[in-house]
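Turn these sequences into a full structure, and let the hints guide you.
Residue strings, one per chain:
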Amino acid sequence: MVIRMDMRKPDSSSIRTYQSGTKIVVAERVLILEAGRAERHYWSDLWHYRELFAILAWRDIAVRYKQTVIGVAWAIVRPLLTLVIMTIVFSRVARLPSDGVAPYPVLVFAGMLPWFLFSSILGEASSSVVGNSNLISKVYFPRIIIPAASAVVTLVDFGINLALLIGLMIWYHFVPSWQLVFLPAFVLLATAASLGPGLLMTALNVKYRDFRFIIPFILQFGLYASPVGFSSAVVPKAWRFWYSLNPVVGVIDGFRWCLLGGESQLYMPGFLVSLGVAGFFLWLGITYFRRTERSFADLF
Amino acid sequence: MESDVIICADCLGKKYMIGHELERERYIVLRDVIGRSARNFIRRSMDMLRGRPIFVGDNTEEFWALRDVNFEIKRGEVVGIIGRNGAGKSTLLKILSRITEPTEGRVTINGRVASLLEVGTGFHGELTGRENIYLNGAILGMRRAEIRRKFDEIVAFAEIEKFLDTPVKRYSSGMYVRLAFAVAAHLEPEILLVDEVLAVGDAEFQRKSLGKMSDVAKRGRTVLFVSHNLGAIRRLCSHAFLFDRGKLTFGGNVDATLTAYERLYASLGRVIANMSFHGPLADQIRFDQVICKQGGTVASMLDPLRKFQIEVHGFALRRFSGLELKLSVFRDGLHIASCHDTVDPAPLHAGHFISRFDIPEDVFRPGMYTLAIGLYEPPSRWAWCSEVAALDFSENLGERSADRSGGVVGIAYTAQRIQQNVANCSHVDAL
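From first to last, the protein sequence lines stand for chains A and B.
Residue numbers for the first sequence follow our numbering, so the first one is 1 and each next one is one higher.
Residue numbers for the second sequence follow our numbering, so the first one is 1 and each next one is one higher.
Simulated from the structure, these hints should not be mistaken for laboratory data.
There's no promise every hint is true.
Pairs of lysine-lysine, BS3-like flavour, derived with a Cα cap of 25 Å [said to hold, decoys possible]:
id	chain 1	residue 1	chain 2	residue 2
1	B	Lys162	A	Lys66
2	B	Lys247	B	Lys218
3	B	Lys212	B	Lys162
4	A	Lys66	B	Lys169
5	B	Lys212	B	Lys150
6	B	Lys208	B	Lys169
7	B	Lys326	B	Lys307
8	B	Lys293	B	Lys326
9	B	Lys15	A	Lys207
Put into structure tokens, the structure is as follows:
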């Protein structure tokens, strides 16, 4: 759909009187709807709908924690239990080393933080559009708002997890170093790296509903394919570069570098590869989403 | 563009693809099943790789919901859009409100559009009335500041002051609808698209909503209004468009369009040959049409104060030793009555038949009712098809005023008032 918009301020100059006496009122914007490809002004249109984005994100958060006794408790219990299991399996049974002096549970939790962000964005986003089909078939707005708003909810859970990590660090008397100031940048990176595959899955899931069966598989597989329970330093040097093709590897390494301090070294070539792959998925996700979102309403 | 044209449609068309199952063979052969499954699997995989949507069924067919539609709407016009179900009215509104894109042609819109295709879009049961006002307002395209400014007005219109902080899942359906409509009624776009939303709530609220709608129209807004309520169209609109099977067949002044509508359907009857019946008997009886007659002639618009007949014309493909036909009447999805053509299942010969129902005067109210046909052959065979036809009653209430004829049916009754003995009450006056 080509949408051309002339954004003009509706001031007095926009009312023109022609010789014939007919008045033309040039409205705020002129919309032309027709079958086509790229939507120009996509991003400015998105900005126009920022309030809807905020209110949808707020709705998802409000609904999530309303009328749930274990709502918050669940957000605490799940990561803690995972932490215990991961620590037992990888540290006690497999006897893998930690990064430097960091206690193993802290190492695991620093990896779980971005992993949970990734997995919940992927899970929430991919079902978000189908779950909001009533909105999509009745009102227009840039559809990308829906998965993006669902990602905001997962950031709340991320905040809870971060508080847990701080608690864990206090428990182990572990002091992070100056790299901690980069944390917001890495959170942004993790969100971007998750939104790419998330958007791709969202769009595919609207068109082909079997994709929702693939997501639990990806997440289960990904938990072990990514260095969540172990440090990526245990991966043999020769493989490390190729291992970084998994974008989550770079994100987790970044988190560890930032949270655990100088003990955890950032393997630069691998990090850059992960960054590149994550960027590629983000581009692919947004492009595919934009291409298919115009027909979402016809698919419900 | 013309001086004050606000919406201009040019050769507008919208195509949908629908899937069909091929007719099944008499008996099922495993080889065929495997073959067909494999074929379908390959086709679906190819569709997926090409990025096309997947269809259920063996082959697909194109279906034009709208085709070759051209019109211009001037600023400040209130345009009613009428036509049968499936005529393309809702598709048009969906294109204009950008929910779906046209397949061909183009629309030029010269103003801010708000669409109201449903009341309470996005309402969430867990959230309170207050929260839902903000949520729904934002979904309909209002700014936060705008909602805050109109908040009290919205609450007053919906009459829910006391329940503002109660989750809407605890609301009665009436309160829910009132709140939903109240938010929508305070939209102030240049162009408002409305789809059949006035058909909700009780009579009192409907009148209030209708009043609000005509206020909106009077304030110089452009309104496109889809409705089956021809009375409301006549009252609100200056112009009307008539759609029939995806084409704009008539457009002009509202009275002329309504006349065209009546003429179109009076001559047509209601052909239901290709309606889809479900159940074991579905392919053993065919139906040609459902006709309503009033005063001996076929009528598309019925007068609620006169008696009328409904005739169901069918064709039995075999002999039945016992069969009964049931006509069910619905209003707004509510099953309000059913009529049977025989007291007990009676024999029916193969061939044409007519089931005729005589309905007395003053049973139905102005507005639209839909009919469903059910078949029953003892002990357990049946067929069913919903929405085979619609009954449309005109806004004629005779001497009575509209508020003395609320509800969806009229019942025969007598009433009297018994007053207490005046002498016993005299001490009240004395006090």
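Okay, the hints, checked on the actual structure:
1. B/Lys162 x A/Lys66: 21 Å, holds
2. B/Lys247 x B/Lys218: Judged against 25 Å, a Cα distance of about 29 Å means the pair is violated.
3. B/Lys212 x B/Lys162: 23 Å, holds
4. A/Lys66 x B/Lys169: 13 Å, holds
5. B/Lys212 x B/Lys150: This hinted pair holds, its Cα atoms lying about 15 Å apart.
6. B/Lys208 x B/Lys169: 24 Å, holds
7. B/Lys326 x B/Lys307: Given pair B/Lys326, B/Lys307 holds - Cα atoms ~20 Å apart, limit 25 Å.
8. B/Lys293 x B/Lys326: Holds, at roughly 19 Å.
9. B/Lys15 x A/Lys207: 18 Å, holds
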